[in-house]
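Throughout the sequence shown, residue numbering follows my numbering, covering 1 to 228 in sequence.
Please keep in mind that the hints were generated in silico from the structure rather than gathered at the bench. Values in this document were obtained by computation on a predicted structure and should not be read as measured data. A portion of the hints provided could be inaccurate.
As the list claims (entries may be wrong) - Result set (DSSO-like, lysine-lysine): computed pairs, CA atoms no more than 30 Å apart in a straight line: (1) K175 x K96; (2) K5 x K175; (3) K195 x K5; (4) K195 x K167; (5) K5 x K174.
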Amino acid sequence: MSAAKVELGRRLFYDTRLSGNGAFSCASCHRQEFAFADARNVPVGSTGEAHTRNSMALANVGYFHSLGWADPRTLRLEAQALIPMFGDVPVELGLKGRRPTSFTVDEAGIPPYNELVLVTSETTLNEKRDEIRSFIGALARGTRLAQREPEVAAGFLSRANRELDPKLQLEGTKKTPFAQPAGKPFGYQDPEQWKRFAEFMTTSGAVEGELNVDEAFTNDLLPGGGAE
C-alpha cells in the first residue's frame with residue numbers, strides 16, 4: 001500500500017470511463033456516504049438491470065480475506081475489479097465485449113515517475129552499497145534479456161512458479177514497458193519528475209507537510225555509478 005496507489009485507486013473508483021455507457025463508475029453503487037454501499041434494496045447496473053444481491057460495503061476492503069459475492073476464491077482486488085467491469089451475470093459496469101482503452105497515469109492527472117524503485121533503510125544503504133549495486137546490475141541484465149528474448153525470460157518465471165500460466169507470462173513479458181530514460185543508467189530516477197510528483201501529493205492532500213525530494217532517493221548505486 002502506498003499513497004500513490006491510494007490516489008490512483010480513488011480516481012479510478014469515480015471514473016465513469018470504466019463503464020459501457022460512460023455514465024457509471026464503481027461509486028455509482030458503492031457510495032461513500034453509505035460506507036461504500038448504497039441505499040437501494042437492490043442495485044441497478046449500467047444497463048438498468050436490477051441485481052439479485054445488495055451492493056457490499058467496501059470500507060477497509062483492502063483487508064478483506066475474500067472479495068465479492070461471485071467467487072470466494074477471489075482474493076486480490078486486482079482480480080475482483082474485473083468482475084464488475086466485464087461480468088454479465090449480472091451486468092454491472094457493462095464492459096464485456098468492448099475494446100478496452102488504455103491511458104497513462106499522467107493522462108489521469110497524476111505526474112509519472114520511473115516506477116522501478118528499490119526501497120531500503122539508510123543504514124542498509126550505507127553498509128551494503130556493493131551488494132545493492134550488484135543486485136541492481138543483475139536486474140539490469142535480466143531486463144535486457146527479457147527485452148531481447150521474452151520467451152526465455154517468461155520460461156524462467158514459469159519454472160520458478162509452476163502455478164503460473166506460461167502463455168500468460170509470455171504475453172505479459174512481451175507487453176511490459178521496459179524502456180528507460182534515454183542516455184541514463186538502468187533504474188535512473190529523474191529529480192524533476194519526483195519534484196512534480198511530490199508537489200502533486202501535497203497539493204492533493206495525499207500527504208501532509210513538505211517533502212524533501214533530494215533526500216528521498218539516490219542514483220549513485222546504479223550501473224555506471226549513476227553518472228549523468
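Original post:
Given the hinted pair K5 and K175, is their alpha-carbon gap at most 30 Å?
Top reply: This hinted pair holds, its Cα atoms lying about 21 Å apart.
Original post:
For the pair supplied as a hint, K195 and K5, is the alpha-carbon distance within the 30 Å limit?
Top reply: 18 Å, holds
Original post:
Are the Cα atoms of K195 and K167 separated by 30 Å or less?
Top reply: 39 Å, violated
Original post:
Holds or violated: are the alpha carbons of K175 and K96 at most 30 Å from each other?
Top reply: Answer holds: K175 to K96 is near 22 Å, not above 30 Å.
**OP:** Would you mind confirming whether the straight-line C-alpha gap from K5 to K174 stays at or under 30 Å?
**Re:** It holds: about 24 Å lies between the C-alpha atoms, which stays within 30 Å.
The structure does not agree with numbered hint 4 stated previously, though it agrees with all others.
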